[in-house]
Amino acid sequence: MRKLYICLTNERQEYVISKQLYRSGTSIGANIAESIYAQSDADYISKLRISLKEASESRYWLELLFESELIKAQEYDSLMNDLNTIIGTIVNIINKIDKK
44 MRKLYICLTN ERQEYVISKQ LYRSGTSIGA NIAESIYAQS DADYISKLRI SLKEASESRY
104 WLELLFESEL IKAQEYDSLM NDLNTIIGTI VNIINKIDKK
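Reading the sequence shown from the start, the letters are residues 44 to 143 in the working numbering.
Calculated directly from the structure, the hints in this document are not laboratory data.
Among these hints, one or two may not hold up.
As a list, the in silico DSSO-like pairs of lysine-lysine whose alpha-carbon atoms are at most 27 Å apart [stated by the list, open to error]:
| hint | residue 1 | residue 2 |
| --- | --- | --- |
| 1 | 62 | 139 |
| 2 | 115 | 142 |
| 3 | 62 | 142 |
| 4 | 139 | 96 |
| 5 | 143 | 115 |
| 6 | 143 | 90 |
Build out the structure end to end from the sequences listed, making use of the hints.
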């Protein structure tokens, strides 16, 4: 996310969407990190669900950047692929805990 943010702000002079994407993208990891010391399974799942919300928001910002032609199809596809992998992993973790 950092490299994309720098590219968007320095080279393409885009400041609003890039800042939103940077915030939501880094929040995914921050909430996962916070979940490590959760007080219960419910707390753990709650933090992971917040990460999912942030991932969904990140997807929205990526779509806007692509539709606005601020990122190319190759960049978009690569980032969306990474994001979908993250989302899938989080969903799988939540589902495994819910089945307990």
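So, going through the hints one by one against the coordinates:
1. This hinted pair does not check out: residue 62 and residue 139 have alpha carbons roughly 33 Å apart, beyond 27 Å.
2. Of the supplied pair hints, the one linking residue 115 and residue 142 is violated, its CA atoms being roughly 40 Å apart against a limit of 27 Å.
3. Between residue 62 and residue 142, the direct Cα distance comes to roughly 37 Å. Violation of the 27 Å bound is thereby established for this hinted pair.
4. In summary, the hint linking residue 139 to residue 96 is supported, as the alpha carbons are separated by about 19 Å, within the 27 Å threshold.
5. Between residue 143 and residue 115, the direct Cα distance comes to roughly 43 Å. Violation of the 27 Å bound is thereby established for this hinted pair.
6. Only pairs whose Cα atoms come within 27 Å are accepted, and residue 143 paired with residue 90 is accepted, the gap being roughly 18 Å.
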